[in-house]
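Those sequence lines, one after another, are chains A and B.
Numbering of the first sequence is given in our numbering, commencing with residue 1 and proceeding in unit increments.
Numbering of the second sequence is given in our numbering, commencing with residue 183 and proceeding in unit increments.
Heads up, a few of these hints could be off.
[Claimed, not checked] Among the chain B residues that face chain A by a calculated CB cut under 10 angstroms, a handful are:
| hint | residue |
| --- | --- |
| 1 | I234 |
| 2 | F246 |
| 3 | R301 |
| 4 | D302 |
| 5 | R303 |
| 6 | Q336 |
| 7 | V339 |
| 8 | A346 |
| 9 | I354 |
| 10 | Q359 |
| 11 | Q360 |
| 12 | R364 |
| 13 | Q365 |
| 14 | I367 |
| 15 | K369 |
| 16 | L373 |
[Stated by the list, open to error] Calculated Cβ distances over 10 angstroms to all of chain A for the following chain B residues:
| hint | residue |
| --- | --- |
| 17 | K271 |
| 18 | K335 |
| 19 | L350 |
| 20 | Y366 |
Read the hints as simulated data drawn from the structure, not as lab findings.
Please read these numbers as outputs of a predicted model, since none were measured by experiment.
All C-beta atoms, glycine included, are put in the ideal place defined by N, C-alpha and C.
The lines below spell out each chain.
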Amino acid sequence: MKGGSVAKRYATALLLVAQEQNSLATIQRDLVSIIEVTRQNAALRQAMESPVVAPSQKKKIIGELQAKMQLHPAVHHLILVLIDQDRMDSLALLGMVFRDMADDALGQVRVLVRSAVPLGDQEALLKETLEKTLSKQVLLQTQVVPEILGGISIQVADKVFDGTLKAQLEHLKQSVVKRAVA
Amino acid sequence: MKSSAYMSALAWALSCLPTNLWAAGGGAHEAHGIPSKALIFAGINFLILLFILGYFLRKPVKDFFTSRAALISQDLTESRQIKETAAQKFTEYEQRMHGIEAEMQALVAELKKDGQLERDRMVAVAEEQAASLKETSKRIMTQELRRAKEELKQEAVQLAADMAEDLLKKNITAEDQQRIVRQYISKVEQLS
């Protein structure tokens, strides 16, 4: 919770900078990039989060990354601040919070849809319907999960609307068990 | 003791006296039978002896018998007292024995009563424990039965669900999939 509030504080500051400089998309993209790099490279992540490694060395590493990745100055500066404050372990969470805040600021929402088979033509219909329902631009992400048997489940932020056959079957099973036991 | 010794010596001297007289004056008349003078002296000696003995021994003998009588009387009294004491003790012991017997009977009766009470209490406790055990067993049995029924039902439902899932997997078509998705999109549409 403490890490969450810290991440939210930094994300809010970064969002303000991004809005001021009108570079929300760029900053978001660069932030996602650096998070992905640290996520995929365990040694780098450990070095950045380790209290044993001196901040000067961490900054040197980030400087080399900056030279290669050409991160937005705001993202670069944010990471330097996190190193100074020994908050590099909050970077991933900060990225998620910033993404949600940026999406909200841009009037868009991320929706994860799981289906048993690829949606095909229905994906566009679903996106349109969701945008109408949520009154926001939908960034649809699809995932095929055969175990759900049929139907779809829609996840918006931390809410899941489950319309899969697997869920209906489970619900039916619970209902029958409850009635049989009673 | 001194008086008694003196008296013994005197008696011995007197008893020797007639013999001496007899020996002193009788030598010349032994062939002519018993001399009359000797008899007279012997008789006088004897009388004197009796007198002296009576004079000197009367008081000691009287004292002796008096003290002896007193002693015997005292002994009798003591014997009587001892006998009375013994009788009293006998009576007392007899009473005590009777008391002990009664006390023992009372003790035995009390022990019997206590034993009976303890037995009753133990029987009551055992009966209570048996009833409790029976009740607990019954409750456990009911719970186990209910649980077994529930498990059986759950297994049956799980089996049915697994069978339904298998049937769905085998029989669901691409059209079915599209139809189901479309139906759900319609539901979402209705929310707006």
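Tested hints:
A least Cβ separation of about 143 angstroms between I234/B and chain A goes past the 10 angstroms threshold, and the interface hint is therefore violated. Because the smallest distance between the Cβ of F246/B and any Cβ of chain A comes to about 125 angstroms, over 10 angstroms, the interface hint for this residue is violated. A hinted interface residue such as R301/B counts as satisfied when its beta carbon comes closer than 10 angstroms to some beta carbon of chain A; here the least separation is about 49 angstroms, so the hint is violated. Violation of the interface hint for D302/B is found here, the shortest Cβ-Cβ separation to chain A being roughly 47 angstroms, above the 10 angstroms cut-off.
Using the Cβ-Cβ criterion of 10 angstroms, the hint placing R303/B at the interface with chain A is not satisfied: the shortest such distance is roughly 45 angstroms. Given the 10 angstroms rule on beta carbons, the hint for Q336/B holds: about 5 angstroms separates it from the nearest Cβ of chain A. Interface restraint check: V339/B against chain A, minimum CB-CB distance 5 angstroms, threshold 10 angstroms, status holds. For the restraint placing A346/B at the interface with chain A, the shortest Cβ-Cβ distance is roughly 6 angstroms, inside the 10 angstroms limit, so the hint holds.
Taking 10 angstroms as the C-beta cut-off, the interface hint given for I354/B holds, the closest approach to chain A being about 6 angstroms. Taking 10 angstroms as the C-beta cut-off, the interface hint given for Q359/B holds, the closest approach to chain A being about 5 angstroms. The closest approach between the C-beta of Q360/B and any C-beta of chain A is roughly 7 angstroms, which is under the 10 angstroms cut-off, so the hint is satisfied. Because the closest C-beta pair between R364/B and chain A is about 7 angstroms apart, less than 10 angstroms, the hint holds.
For Q365/B, the suggested interface contact is upheld, since its CB lies about 8 angstroms from the closest CB of chain A, less than 10 angstroms. Contact between I367/B and chain A, as hinted, is supported at the beta carbon level, the nearest pair being about 5 angstroms apart and thus within 10 angstroms. A hinted interface residue such as K369/B counts as satisfied when its beta carbon comes closer than 10 angstroms to some beta carbon of chain A; here the least separation is about 7 angstroms, so the hint holds. Hint on L373/B holds. Least Cβ distance to chain A is approximately 5 angstroms, under the 10 angstroms limit.
Residue placement check: K271/B keeps its beta carbon more than 10 angstroms from all beta carbons of chain A (closest about 90 angstroms). A beta-carbon of chain A is positioned within 10 angstroms of the beta-carbon of K335/B; the least distance is around 4 angstroms. With a closest Cβ-Cβ approach of about 5 angstroms to chain A, L350/B is found to fall inside the 10 angstroms limit, against its non-interface label. Here Y366/B does not stay apart from chain A, with its beta-carbon only about 4 angstroms from theirs, under the 10 angstroms limit.
Comparing the model with each earlier hint shows violations of hints 1, 2, 3, 4, 5, 18, 19 and 20; every other hint is respected.
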